[in-house]
Each structure stands twice: as C-alpha cells, then as structure tokens.
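Q: Going down the list, the sequences are from chains A and B.
Position in the first sequence (first residue = 1) + 889 = the working numbering.
Position in the second sequence (first residue = 1) + 889 = the working numbering.
One or more hints might be untrue.
All copies of an identical chain are treated as equivalent in the list; a pair is satisfied when it fits inside any one copy or across any two copies.
As the list claims (entries may be wrong) - In the DSS-like style, the derived pairs of lysine-lysine whose C-alpha atoms are separated by at most 25 Å in a straight line are:
| id | residue 1 | residue 2 |
| --- | --- | --- |
| 1 | K1187 | K1210 |
| 2 | K1106 | K1054 |
| 3 | K931 | K1032 |
| 4 | K1077 | K1054 |
| 5 | K1187 | K1032 |
| 6 | K1187 | K931 |
| 7 | K1160 | K1210 |
For the record, the hints were derived by calculation from the structure and aren't laboratory data.
Protein chains: 2
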Amino acid sequence: MKSKIIAITTILISNIAWSAEPVKPIQPANDINLALMELGKKLYFDPRLSKSGFISCNSCHNLSMGGTDNLPTSIGHAWHKGPINAPTVLNSSFNIAQFWDGRAKDLKEQAGGPIANPGEMASTHELAINVISSIPGYVSEFKLVFDNGNINTENITSAIAEFEKTLVTPGSRFDQWLLGDKNAISEKELAGYQLFKNSGCVGCHNGEALGGTSFQKMGLIKKYQTSNPAIGRAAVSNNDSEEYFFKVPTLRNIELTYPYFHDGAVDSLEKAVNVMGEIQLGREFSQEQTEQIVAFLKTLTGEQPSFDLPQLPPSVPSTPKPEPYK
Amino acid sequence: MKSKIIAITTILISNIAWSAEPVKPIQPANDINLALMELGKKLYFDPRLSKSGFISCNSCHNLSMGGTDNLPTSIGHAWHKGPINAPTVLNSSFNIAQFWDGRAKDLKEQAGGPIANPGEMASTHELAINVISSIPGYVSEFKLVFDNGNINTENITSAIAEFEKTLVTPGSRFDQWLLGDKNAISEKELAGYQLFKNSGCVGCHNGEALGGTSFQKMGLIKKYQTSNPAIGRAAVSNNDSEEYFFKVPTLRNIELTYPYFHDGAVDSLEKAVNVMGEIQLGREFSQEQTEQIVAFLKTLTGEQPSFDLPQLPPSVPSTPKPEPYK
C-alpha cells in the first residue's frame, strides 16, 4: 500500500513537473485506422505517384534519415533543384499547418502538393489516380479500406496522412526527463534546456514538437542573409507584413534533420544556434552556452518510426507507364 | 510411430519429387553474419554513397518493388538515363556472376560498381570511404563488425553483399509444390510448367533461381530487334562469338520485375514469353500455351524479404557534403 502511494505520488509529481514546462512530451500516435495507415504506408513509398516512377514521398522525406533528405533543397523530377529545404515529416502532425509557408492546412492537403508539383513528383492527380486504379492490389485495398472504395485524391491523401500521423517520435531522453526520470539527461544538457528557456528560444520552439505552433519572422531582430528568394507566409496571405514569416520548424530529432533553416544553408547545430541567437534574439551565446544548448538539442532525438519496409502491389501491362524523360 | 513413418516417407517422396526436377526450391539464406548483414542493410539504403546524397542501392534495386525499379533502364546521377535494365537483386546470390554481362564475379565486386559509375551514383570509392569514415555511427559499427575495423571498399562491399545474400525469396507456391504440396498450384499452372520444361525454356532457366546459371545468346534462333546497343558478354571477354550473350535472368518473382529483357522493352509476361519462344526456341506458342506458361511464371513469386526499414547514423558537420549539381 505504501509503495503504491509513493508510486502515485511520483506520477503526480512527474505530471506536475512537465505540465509546468513549455515543452511537452511527444505522445505516441493514437486513434489510428490501421488498414488506412497500411495503405498510406504503401502510397508513401510508391514512386509510381511520380511521373518518372522514380520519386516517392520517402525520396525527400526519407524515414531512414529523420524524415528528410539531408540536402539543402530537394531534388525533384528531372533533377530539378527545389526551392526550399524539405521539412521533416516526423511529428508533422503537430504542426498548425504544412509547408514552410503553411499553405496546406493539414497533412492530407499537403500530401496532394508534391504529386502534382512539376519540380517535385511532376505527375497530375488525374494521372496518379489512373496509375493507382490500374493496379489490382490497390483496387482491392481501397475497397477494403474505404466504404466507397473510390480511388481519388481525397482517399489517396487521406491514407498518406493517416500513415504520417503515426510518424511521431516519443521516448527521447528529454521526454524521459520530462516524464520524471531525472537521470535521463546530464547536467550540461539540463543547463542547455534552462538556457533555451531563459534566453527566449522556447518562445517560438514550444509545445510537443518544440516548434510548428506558429509562424515567425526569420530575422526578427536582424535580417537573415540568404540567397533563397522565398518570402514565406506573405506568399500565401499576400500580406506584406508577413514577409519572411515561416512556420517555426520542430526541434525534435534536430540532430538528424540537418542542414538547417528554410534554405538549408547551415550544417551544424552550433552555427544554427548562434545564428538564431543573433537574428531572432539579438544576443550572442558564449561558446559554453552554445555547447549547452546543442547538448540539450541532441536529447530531443526520439524513437524513430519502426516498421517493415512495405511491399507494393505490382503494376500490370495496362498501368500508365512511367515517363522519366518526357 | 505410424504417423512419424508416414511423415518421413512423405518427405522422402517429396525430396525425390523435386530432386528429379530441373528447378529447385529456393533455400532460405544461411551462414549469415548478422552484424555484417545489418551494417550492409544500412549501406544498401544509404544515399550518401552517391555523390548527390540522393541515390542509394535501393533506388534502382527497390526492395518494395521486387528488387528492381520497374523502369526500362535506370535513372542515375543528374537524371542520367541508364544503358540497361536494372536486374533484380532478389536471389542474385544464385547468379554465376553479376551484371547482365557478368563483369563482376560476385555480389561484393558488383556492389562497388554503381558507387563509382558516373551515370549511376557518380561517387568515387575514395569519396564514399571519406563520407562513411566521417560518420561516428558507422565508425563504431565497422569496428564492431570487422576485426580490422577498417572503412574501405573491401569492407563496405562485403557488408552490402552479406545483406544481399539474405534477399532470397523462398516459399513461392511453385516451391511449395516442389516440396510436396500438390495443391499449391492449379492444373493450368502445372500444365504451364510442363510446357516450360518440354518446350525448352528450362534449358536456360533452371536451378534454384530459374536463371542466372549461364550466359546465353539473346536471339539464338532469330535476331532480337532492339535499339539498345549493349553487346553483352563480348564486351567483357572481347570474344566476338559472345556478342549478345547475356546472363540468363532469374524468373523468380518475375511478376514483380517488369519490364523485361536487358533493354526493358517488354511490359507483359505474355509478350515476353512469345518473344522468347520466337527468338530463342523458334516456335510460336498458342494463346492457350502462353497463358499456361504465364500462369506458371506467376507461381514463382516468393516471400519478399521482410525487415525493418533501417535507420542511418547521422552525418556530422565534417562529413563531405552531397553535391547533386556539380
């Protein structure tokens, strides 16, 4: 009885501990439709959603590499050089909106974008539907999963979004600390977290994903120097006051999602922290402070999504052919 | 006791049954060094072996798609159009040599080829070694796996080859039939197999992989019409008499490994069977015969390799950067 009370007390203290923090532990995915997720996983890995038959969602949001491609900007159809750094798909369900400029309201809307973007997968929704509809294995799976059995953009993107909802990364050392294991992070890492809070980083990088909760100006205090022409949120809202406002990126798994910023111009966490201090907070971190913050950031790597590589149902002779060179 | 005798007798009969056949069941992989295989799996999925940081072994030998890219010829660095159809990696350990022209004697030698091929991964062995050597997670894993701990081409390709040795596909319906389950295939499929044997297909497509055991002339009876300039084995041996000799491709998982032939020019199994009949055997199959053979071929799809998508150790700032556009 006594140990039970102690256990409950510990849980209460733990909950109080992190409920007072501006950062919350990542919750494992729940309320998942498993059949829909499995279908979405196949589609996520299926390069036949691209015109070339070569590029899948996983090409640029590679789940072996923190849900990114680790390139400054992505490679698209015909080796097109993308305009912006591919954000990680990990924990993207926590974002208030999708894309750096938030032009898609949710994962489902986002999933339709790259398929029809000439510089990314370069297909069309019509072609993608024709391809998927020609594949017997998909036809039966769509019938199984959807009441209407329809193969359309609505259902294709719903399935991909359902899979993406599962791509959360709980269990990081920092979350273990938030949940009450005071030995899960070192003193240096904890000092980094305190500094992260006290110096204002957490003003934007907060919530479960330490980001994704707001749009903020890149270069709040001092202009960010970049050759990248993206103007961010203003391109969506047509509101000049939102120029260079970008969705605050998540810091979860940040050790895996290099290079950093919307232009992918920075390779090291040290430099990223220093640039942020300078242009967002108007302060210069000492080397020790930078090391502490970076040490903290590296505690944010969670359990990566773990699943069998999916097997894709084969095309048949009537399936529209990939056209990499047209 | 009686049931035991019956069981043993059944096994003996089964063994006799298939030991008399020119096709053998695929044996599951054995004698595998697990740590070496796990390292090889990471390398197989790691696009940092390419100059662009975008192309991995799995890009063209996609294990979600029968170990191929399902393209006539592969897409390489800077969207280079490859010269020849990517053969499946599945069951490639059964091949007498690797590549269509057999220019690599084994999987290990093969694995080094694409890394340094300017039209494929476009890296160099030196660069690949520098990249892998810069990544702490790989450094420790190479130390764990190899006595000498060296990160060199020898060890990189050994690891990839060890993983590829595991990419066998036992358990197809046809193998179940070979192993004694007479209900595993239909009458039509069995008729297809008989025809496959009686009409001479099995002369080249034999052994565990139904292929991979010899080089044969493409167009033995009648010239194969193609715009593909590959001359096959003659390019390796400098022996004109081997012009258009290619390694006989495996028929295992043939339903998944379209399009067919070294030029990837044929999309349907029906057409592939008819072309083979015409140019290799000098005969024309009736529609019924074609359907029977195709039905048989579709029984050769085995259990696909099943494993967790690997997680790759992250680069660090000193890691040589991908250069997609140089």
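Q: Next, verify each hint and record whether it holds.
A: Okay, the hints, checked on the actual structure:
With identical chains, the CA atoms of K1187 and K1210 are at most 25 Å apart between copies only, with a shortest distance of 21 Å across copies and 44 Å within one. In this assembly of identical chains, K1106 and K1054 lie within 25 Å of each other by CA distance neither inside one copy nor across copies; the values are 27 Å within and 52 Å between. Proximity of K931 and K1032 under a CA criterion of 25 Å is satisfied intra-copy only: 15 Å inside one chain copy versus 35 Å between copies. With identical chains, the CA atoms of K1077 and K1054 are never at most 25 Å apart, being 33 Å at best within one copy and 45 Å at best between copies.
Within a single copy, K1187 and K1032 get their C-alpha atoms only as close as 44 Å, which misses the 25 Å cut-off; across copies the closest is 24 Å, which meets it. Taking identical chains as interchangeable, the C-alpha atoms of K1187 and K931 lie at most 25 Å apart only when they sit on different chains, with a minimum of 22 Å there against 31 Å within one chain. In this assembly of identical chains, the alpha carbons of K1160 and K1210 lie at most 25 Å apart only when taken from different copies (16 Å versus 45 Å within one copy).
The structure is inconsistent with the numbered hints 2 and 4, although it conforms to all the rest.
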